[in-house]
Amino acid sequence: MTDSRRTTTAPQTSPSKKSRLRQNIESLVVALLVALAIRATVVEAFWVPSGSMLPTIQIGDHLFVNKLAYGFHIDIPFTGIVIPITQWSHPKRGDIVVFVSPNDGKTDLIKRVVAVAGDKVEVRQKKLFINDEPAPDPYAHYKYPYDVHAVPRDNFGPVVVPPGKFFVLGDNRDESLDSRYWGFADEKAIKGKATFIYWSGWKFDRLGKFLH
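Counting in my numbering, the sequence shown runs from 1 upward without gaps.
Read the hints as simulated data drawn from the structure, not as lab findings.
In silico SDA-like pairs for lysine to any residue, Cα to Cα no more than 25 Å straight-line:
no. : residue 1 : residue 2
1   : K143      : Q58
2   : K209      : A140
3   : K92       : H212
4   : K165      : L177
Can you make the complete structure from the sequences, with help from the hints?
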């Protein structure tokens, strides 16, 4: 006489379901890696939280930064580390650039280049001078009247920009912490050139606006 026992087996996941699940996970990982690679080398979206570039760039603007504008570099996400690979051009006067803050080495800042290597730069009674000549400065915005005691806001320099450096200012001159306060921006810290606004809340007239 034999003792037969009824046994049950756990349901098995079919090979096809396992294969589809694995493919979905792999596709998700690949998409994430591609997105990070694009962010690190080609283009990156930035949100502007401050008014230092008013009225050109407003608080809350979302904009794209072209990371191939001046060369090819690798921007390691979330670290503030920028690794230059090769360079085919340099920022010029008037460019709006995003770069890593020289203060803490991790915060992204956005300012306008007003002087390049070799330039003698000076601010006299709020007015910008380059190489002892009044500089074209159509984007500058002033909120307060001239104050002889407002140094370095209203009077600064002269200084000569060294090689590999740039003198940058916010368009909102009276409410911008920039090269007048913390010195030159390093070319190696520049992430790219701000190109256009892709979102600005419900300010539809600003959507797609190219930055100059």
